[in-house]
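J.: Line order of the protein sequences matches chains S and P. For the first sequence, counting from 1, position 273 maps to 272 in numbering that gives the first Met the number 0; every step adds exactly one. For the second sequence, counting from 1, position 128 maps to 127 in numbering that gives the first Met the number 0; every step adds exactly one.
Hints listed in this document are in silico derivations from the structure and should not be mistaken for laboratory results. For clarity, every value in this text was computed on a predicted model and none was experimentally measured. Check before you lean on any hint, since a few could be wrong.
No more than 30 angstroms apart at the CA atoms, straight line, and that leaves these computed lysine-lysine pairs for BS3-like [to be verified]: (1) S:Lys-270 to S:Lys-355; (2) S:Lys-201 to P:Lys-68; (3) P:Lys-242 to P:Lys-220; (4) P:Lys-196 to P:Lys-244; (5) P:Lys-68 to S:Lys-251; (6) P:Lys-197 to P:Lys-226; (7) P:Lys-217 to S:Lys-202; (8) P:Lys-220 to S:Lys-214; (9) P:Lys-92 to S:Lys-201; (10) P:Lys-68 to S:Lys-202; (11) P:Lys-220 to S:Lys-209; (12) P:Lys-68 to S:Lys-246; (13) S:Lys-214 to S:Lys-266; (14) P:Lys-13 to S:Lys-202; (15) P:Lys-5 to S:Lys-214; (16) P:Lys-220 to P:Lys-5; (17) S:Lys-209 to S:Lys-251; (18) S:Lys-355 to S:Lys-334; (19) P:Lys-217 to P:Lys-242; (20) P:Lys-260 to P:Lys-13; (21) S:Lys-214 to P:Lys-196; (22) S:Lys-266 to S:Lys-209; (23) P:Lys-196 to S:Lys-251; (24) P:Lys-184 to P:Lys-217; (25) P:Lys-13 to S:Lys-209; (26) S:Lys-246 to P:Lys-13; (27) P:Lys-273 to P:Lys-226; (28) S:Lys-201 to S:Lys-251; (29) P:Lys-260 to P:Lys-192; (30) S:Lys-246 to P:Lys-5; (31) P:Lys-184 to P:Lys-220; (32) P:Lys-192 to P:Lys-242; (33) S:Lys-196 to S:Lys-251; (34) S:Lys-209 to P:Lys-5; (35) P:Lys-196 to S:Lys-209; (36) P:Lys-13 to S:Lys-201; (37) P:Lys-13 to S:Lys-214.
This is what each chain is made of:
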Amino acid sequence: MAKKDRTVLTGVHFMNGDVACAEGAMAAGCRFFAGYPITPATEIAERMARRMIEFGGIFVQMEDELASMAAIIGASWAGAKSMTATSGPGFSLMQENIGLAVMTETPCVVVDIMRGAPSTGQPTEGAQQDVMQSKWGSHGDYEIIALAPASVQEMFDLTIECFNLAETYRAPTFLLADGFTGHLWERVVIPRPEEIKTVDRKKPSVPPDKYMPFKPDEDLVPPMACFGEGYYVHVTGLTHDMRGYPKTVDPKIQYELVQRLCGKIRKNADKIVRTYEFMLEDAEVAVVAYGIPSRASVSAVKRAREAGIRAGLLRLVTVWPFPEKQVEELSNRVKLMVVPEMNCGQVVREVERIAKETPVHFIPKIGGEPHTPSEIFEVIRRTAKA
Amino acid sequence: MTATQKFDTHSLAKYLRVERFPHIWCEGCGNGIILNCFVNALDDLGININELVVVSGIGCMGRVAGYIKCDSFHTTHGRPIALASGIKLANPKLTIAVISGDGDLFAIGGNHFIHAARRNVDMTVICSNNFNYGMTGGQFGPTTPLDSYTTTTPYGNIEHPFNLVHLAAAAGAVYVARWTVLHVKRLTESIKKALQKKGFKFIEVVSPCPEIYGRRNKLGKAVDTMKQYREISEIRHGYDPSKAKITSEKIIVGEFVDTEKPTYGELLQRQFIKVQERLTGG
Numbered sequence: 000m001a002k003k004d005r006t007v008l009t010g011v012h013f014m015n016g017d018v019a020c021a022e023g024a025m026a027a028g029c030r031f032f033a034g035y036p037i038t039p040a041t042e043i044a045e046r047m048a049r050r051m052i053e054f055g056g057i058f059v060q061m062e063d064e065l066a067s068m069a070a071i072i073g074a075s076w077a078g079a080k081s082m083t084a085t086s087g088p089g090f091s092l093m094q095e096n097i098g099l100a101v102m103t104e105t106p107c108v109v110v111d112i113m114r115g116a117p118s119t120g121q122p123t124e125g126a127q128q129d130v131m132q133s134k135w136g137s138h139g140d141y142e143i144i145a146l147a148p149a150s151v152q153e154m155f156d157l158t159i160e161c162f163n164l165a166e167t168y169r170a171p172t173f174l175l176a177d178g179f180t181g182h183l184w185e186r187v188v189i190p191r192p193e194e195i196k197t198v199d200r201k202k203p204s205v206p207p208d209k210y211m212p213f214k215p216d217e218d219l220v221p222p223m224a225c226f227g228e229g230y231y232v233h234v235t236g237l238t239h240d241m242r243g244y245p246k247t248v249d250p251k252i253q254y255e256l257v258q259r260l261c262g263k264i265r266k267n268a269d270k271i272v273r274t275y276e277f278m279l280e281d282a283e284v285a286v287v288a289y290g291i292p293s294r295a296s297v298s299a300v301k302r303a304r305e306a307g308i309r310a311g312l313l314r315l316v317t318v319w320p321f322p323e324k325q326v327e328e329l330s331n332r333v334k335l336m337v338v339p340e341m342n343c344g345q346v347v348r349e350v351e352r353i354a355k356e357t358p359v360h361f362i363p364k365i366g367g368e369p370h371t372p373s374e375i376f377e378v379i380r381r382t383a384k385a
Numbered sequence: 000m001t002a003t004q005k006f007d008t009h010s011l012a013k014y015l016r017v018e019r020f021p022h023i024w025c026e027g028c029g030n031g032i033i034l035n036c037f038v039n040a041l042d043d044l045g046i047n048i049n050e051l052v053v054v055s056g057i058g059c060m061g062r063v064a065g066y067i068k069c070d071s072f073h074t075t076h077g078r079p080i081a082l083a084s085g086i087k088l089a090n091p092k093l094t095i096a097v098i099s100g101d102g103d104l105f106a107i108g109g110n111h112f113i114h115a116a117r118r119n120v121d122m123t124v125i126c127s128n129n130f131n132y133g134m135t136g137g138q139f140g141p142t143t144p145l146d147s148y149t150t151t152t153p154y155g156n157i158e159h160p161f162n163l164v165h166l167a168a169a170a171g172a173v174y175v176a177r178w179t180v181l182h183v184k185r186l187t188e189s190i191k192k193a194l195q196k197k198g199f200k201f202i203e204v205v206s207p208c209p210e211i212y213g214r215r216n217k218l219g220k221a222v223d224t225m226k227q228y229r230e231i232s233e234i235r236h237g238y239d240p241s242k243a244k245i246t247s248e249k250i251i252v253g254e255f256v257d258t259e260k261p262t263y264g265e266l267l268q269r270q271f272i273k274v275q276e277r278l279t280g281g
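The shape of chain P in the complex, shown without the other chains:
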C-alpha cells in the first residue's frame, strides 16, 4: 500500500490533498488535531468546497493551507489576514478561513489582525497557540508565558504574553472562543458556528509542542500536556475575556464573545446602493 493509498481510505480524504501526506508536523503536535476538527466541521456543514479558501501564513501551522483540498494560499509571514481581506472583498461569495500560528498572527501579523477585526471583515481566524516559534527551532513569541525557556530566552522569558481572546474581543471580533486540542468535539462545533456566522470570528486553540517548547520547559510528552489540559481547563461561556489569561494553573475555555454587527461587506453594499440611487437621481 502506498502512502497516498493509505490516506485515500480516510473517511475525510475528499477534503485533503492526500498526495501531500504524511504532513510535516512532529509527533504529538496539536496541529493535526486542529486540521482534523476543521475538516470535520466542513463535512458536518456540507460546505461547498468550491467556495472555500483557506489562507495561512508562515510557521508550522502555516503549512495547513497546503493540506486542505480547496483553493488555498500560503502567504508571507504575518500577512494571511491582509491577503484574505483582498480575496473576500473581491469575491464576497467565498468563505474564508485563516488558519495560522500565534507568532504569525500576533507578532509580525498583529496589526493586520486588529484592523481586520475592527473592520469586521467576514472571515474565520483559527490560531494554533503553541507558545513559541516551533518552525525555527523554538524562540519566544507574543504568547510565551513569563519565565519560560526558549532558545532566545535562555534565562527565562521577561516579556508579558498577550491574552489573545481579550485582544480579539477588544479589537471588535464578533465571535471569540478558546479551546485546547483536548476539546475536539467542542472545537469542531465552535468552528462550525464560526463558519456559519458573518463577520470576523476568532478561535484560539491551545496546542502542545512537545518536541520543542515542551522539551525545553520539561512539560513531558504530548499526552502529559493533554492530561494537564483536562486538569486545568475550565469551560466558562460568556466569561470576561480580560480575566481569561492563560496560566499554568488555569486555562479558561469556551465562547467569550458571540455578538452581531454589520460586516465590512454589508456596509459597503449599503453604501453602493446609496451611491447608485444618487447617480440615477433617485
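With the rest of the complex left out, here is chain S:
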C-alpha cells in the first residue's frame, strides 16, 4: 500500500487561521519548527507538535523566543526549511536573531500573530501594531519580506509563499497576521501536493574549493551550501567578505554587503510584491488596506458604490517591501485615499509618503475590535463629499 503523504492534508477543511498557517508550512516543506507558547499564536505550535512527528519533521519547544529564533537559523543551515511563530512580545525578543538571519542570509519564516500592544498589552485581541517593527525592529539597515493574510485560506496559501520567498531570496520572511485572522474559523481548501508550488534554495554548482559562500549570482542571491555537505562554510553575524570571513573595518566590504542585502529585496520588488484590486478601474476614492480591515473595506466600498460614490480597494498582500509602484500609480488617478489600520498610524505613513499631493484619510482602530464596514464607509462618504 502506498504510504499516505501526511505532509499535505488535501481536502476541504474547517479550521482556524493558526492551524491553517501550520498546515501551509508543512505543505511548503517545513521540517523544523521551534517556538514558545504565546497567545494568540499558540495554536500554531500545538498543531506542529501534533503533526510534524507524523512524517519525521521536528517540533521543539524552546526556553524562550530568543532561542526559538536561534534554533530555526541553525536548522536552516542544517538544511531544513524552518519556521517559528509568535506574537508581539515574542517578536520583540526575536529581533536580535532576525538581524542575524538577515546578515547571514538564512532562509526562514517568522509568523507574527499581532495582538494589542505595547508590552503585554491585549493578549487575546487582534491588532496591526507590529508592522513597522517588522520592517525596522532589528538594528541596522536591511530589507525584509512580509505578507499580510486576510482570510484563513490565505493563512495557508501565504505561509507557503513565505517559504518560497525565503528560499528564493535567502532572507527571513514574515507572515504578519492579526490575531483576528489567526483565531478566525473558515473554510480552507488544501490542494493536492502536486498542485502546490514549492521552491528550494539554490545550491552551489562548484566544488568546495571554488565555492564562495557569500558571492551572489546576478539576482544578488548567493547559492547556499548547508552544514554537512563538505563545503566548510563559516557563518558570522560580523560584516564578512564573500568567503564569509570577518572583515569589520573595511568600508568597502561593509558598503557592498549591506547594499546587496537591501538590494536583493529592493531590486526584486516587482517579482515579490502582490496586491489585489477591487473596483478600482474608475475609482475616485481608494481604500488602501491589508489584513482583516480589508474585509470590512470590501463591504464599505460596495456600500459607497450603492451611494453613488466611485470607491475601490487596493489590498496589500505584500506589506514589505512596500508596494510603492502600485500605491503611487493609484495616487495619480484617484482624488483621495482612505487607510484603515488597527494601530495608531503605521502603513498610512508609507501611503502618505508616496501619495504626495493626494489627500490621505487615516482610520485608526485600536482596542480589540476590527473596523466595521460602516466606520470605513462613513469616512469615504464624508471625505468624498468634501
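Add chain P to chain S, keeping to what the hints say.
T.: Frame of chain S; chain P shown alone:
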C-alpha cells in the same frame, strides 16, 4: 615565507583555516591552547570533519569558530547553544561542539545553557573561563571572583561567582569536567571523551587573561598564572561539584560527572516510532 605558508606547515594545519592566522588573541591568552587541544582531539579520534560543526558566541573565544576548518557558525552573543540545538535536531548526523567564553555561555546565554543541559541535547560545550569580558576591555562577568578588579568593578567585585561545574551538573549535563590550560594532555583526553559520548557534555577550561584581567589584578605574566595553576590545582575525579568552587588557594580539576541518560534526539526517535505504529494501526 608568507604567513599562510608558515601556518601551512603546522602538523594540524588541515584542521585550521590557515589563511586566517595569526589569530586575534593576546600573547599569553589560553584560548590558543584550548584550540590546540581541540584539534588534537579531532586528529586523535579521526573525526570526519565533514560532519563536524563548531558553534561559538561573541567574545574572545567566540572567534574560535572562524579558525577551525569545518562548517562553523559565529552566532549572536549568548546564543550558540540555542542555535546549535537547531543544527543538531535538524541533522542528527552532525557532531556539534560549542566553544565559547564564560560571559557568553553563562551571563547572556545562561538560560540556553541550563535548558539544553536539561533536555540533554547531544553537543559538547567547552567554556574558556578567563573570569572577565576580555573582548570589551575587561568588565566583570558571572565567574569573576569576589573582590576582583575590573573596569566595571573599580572598587572590587561584590557579586558571588558561579561555580560552573556545579551549575552544569545540577542542570543535567551527562559529562562535566574542569581543567586549566596547563593540563593540555588531560584536557585533550577529556575533549575526546566528550566528543565520543552522547548527550550534553560540559568542559570548563580555566584560562589566563594576562593582558586584561591579569594586569588589573596584578597576577603577573601568563607563565606566572600557569605556575599558579600547577601549584593550586588538584585532580579529584568524581569530586562533588558543589564543593568545587574555584578560589585563589585551590582549583579542583577532573571529571565531576560521567553518566548516561537518553538524549533528546533518542527520546524523539522513540516517540517517532510510537507515532508511526499508531498511524499505521500497529
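J.: Each of the hints needs a verdict: does it hold here or not?
T.: Each hint tested on the structure:
Between Lys-270 of chain S and Lys-355 of chain S the alpha-carbon distance is near 25 angstroms, which keeps this suggested pair within the 30 angstroms criterion. Of the pairs offered as hints, the one joining Lys-201 of chain S and Lys-68 of chain P holds, with about 23 angstroms between alpha carbons and a cut-off of 30 angstroms not exceeded. At most 30 angstroms may separate the alpha-carbon atoms for a hinted pair to count; Lys-242 of chain P and Lys-220 of chain P meet this at roughly 29 angstroms. For the given pair, Lys-196 of chain P sits about 26 angstroms from Lys-244 of chain P by alpha-carbon distance, which is consistent with the 30 angstroms threshold.
The suggested pairing of Lys-68 of chain P with Lys-251 of chain S holds, with an alpha-carbon distance near 26 angstroms, which does not exceed 30 angstroms. The suggested pairing of Lys-197 of chain P with Lys-226 of chain P is violated, with an alpha-carbon distance near 35 angstroms, which exceeds 30 angstroms. At roughly 53 angstroms between alpha-carbon atoms, Lys-217 of chain P and Lys-202 of chain S are farther apart than 30 angstroms, so this suggested pair is violated. For the proposed pair Lys-220 of chain P and Lys-214 of chain S, the alpha carbon gap of about 44 angstroms is over 30 angstroms, so the pair is violated.
A distance of roughly 22 angstroms separates the Cα atoms of Lys-92 of chain P and Lys-201 of chain S; the hinted pair therefore holds under the 30 angstroms criterion. Straight-line distance between C-alpha atoms of Lys-68 of chain P and Lys-202 of chain S comes to about 20 angstroms, which keeps the hinted pair within the 30 angstroms bound. Between the alpha carbons of Lys-220 of chain P and Lys-209 of chain S the distance comes to roughly 44 angstroms, so the proposed pair goes past 30 angstroms and is violated. Between the alpha carbons of Lys-68 of chain P and Lys-246 of chain S the distance comes to roughly 18 angstroms, so the proposed pair stays at or under 30 angstroms and holds.
Distance restraint check for Lys-214 of chain S and Lys-266 of chain S: the Cα-Cα separation of roughly 17 angstroms lies within the 30 angstroms cut-off, and the hinted pair is therefore satisfied. Proposed proximity of Lys-13 of chain P and Lys-202 of chain S is supported: the alpha carbons are some 25 angstroms apart, at most 30 angstroms. Restraint check for Lys-5 of chain P and Lys-214 of chain S: satisfied, since their Cα atoms lie roughly 28 angstroms apart, inside the 30 angstroms limit. The straight-line distance between the Cα atoms of Lys-220 of chain P and Lys-5 of chain P is roughly 27 angstroms, inside the 30 angstroms bound, and the hint therefore holds.
Distance hint between Lys-209 of chain S and Lys-251 of chain S is fulfilled; the C-alpha atoms sit about 23 angstroms from each other, no more than 30 angstroms. As the CA atoms of Lys-355 of chain S and Lys-334 of chain S are separated by approximately 12 angstroms, the hinted pair is consistent with the 30 angstroms bound. Annotation: proposed proximity of Lys-217 of chain P to Lys-242 of chain P holds, straight-line Cα distance about 27 angstroms (limit 30 angstroms). Proposed proximity of Lys-260 of chain P and Lys-13 of chain P is contradicted: the alpha carbons are some 34 angstroms apart, above 30 angstroms.
With a CA separation close to 38 angstroms, the supplied pair Lys-214 of chain S and Lys-196 of chain P exceeds the 30 angstroms bound. Pair hint Lys-266 of chain S plus Lys-209 of chain S holds up; C-alpha atoms about 27 angstroms apart against a cutoff of 30 angstroms. Among the hinted pairs, Lys-196 of chain P with Lys-251 of chain S is inconsistent with the structure: their alpha-carbon atoms are about 45 angstroms apart, more than 30 angstroms. For the proposed pair Lys-184 of chain P and Lys-217 of chain P, the alpha carbon gap of about 28 angstroms is at most 30 angstroms, so the pair holds.
Straight-line distance between C-alpha atoms of Lys-13 of chain P and Lys-209 of chain S comes to about 17 angstroms, which keeps the hinted pair within the 30 angstroms bound. Our distance criterion of 30 angstroms between C-alpha atoms is met by Lys-246 of chain S and Lys-13 of chain P, whose separation comes to about 23 angstroms. Annotation: proposed proximity of Lys-273 of chain P to Lys-226 of chain P is violated, straight-line Cα distance about 56 angstroms (limit 30 angstroms). Distance check on the hinted pair: Lys-201 of chain S and Lys-251 of chain S sit about 26 angstroms apart at the alpha-carbon level, within 30 angstroms; holds.
Among the hinted pairs, Lys-260 of chain P with Lys-192 of chain P is consistent with the structure: their alpha-carbon atoms are about 16 angstroms apart, no more than 30 angstroms. The hinted pair formed by Lys-246 of chain S and Lys-5 of chain P meets the criterion: a straight-line CA distance of about 22 angstroms does not exceed 30 angstroms. Among the hinted pairs, Lys-184 of chain P with Lys-220 of chain P is consistent with the structure: their alpha-carbon atoms are about 22 angstroms apart, no more than 30 angstroms. Between Lys-192 of chain P and Lys-242 of chain P, the direct Cα distance comes to roughly 24 angstroms. Compliance with the 30 angstroms bound is thereby established for this hinted pair.
Among the hinted pairs, Lys-196 of chain S with Lys-251 of chain S is inconsistent with the structure: their alpha-carbon atoms are about 39 angstroms apart, more than 30 angstroms. The hinted pair formed by Lys-209 of chain S and Lys-5 of chain P meets the criterion: a straight-line CA distance of about 23 angstroms does not exceed 30 angstroms. At roughly 35 angstroms between alpha-carbon atoms, Lys-196 of chain P and Lys-209 of chain S are farther apart than 30 angstroms, so this suggested pair is violated. Distance hint between Lys-13 of chain P and Lys-201 of chain S is fulfilled; the C-alpha atoms sit about 28 angstroms from each other, no more than 30 angstroms.
Under the criterion of a C-alpha separation no larger than 30 angstroms, the hint pairing Lys-13 of chain P with Lys-214 of chain S is consistent with the structure, at around 24 angstroms.
In summary, the structure is inconsistent with hints 6, 7, 8, 11, 20, 21, 23, 27, 33, 35 from the numbered list given earlier, while agreeing with the others.
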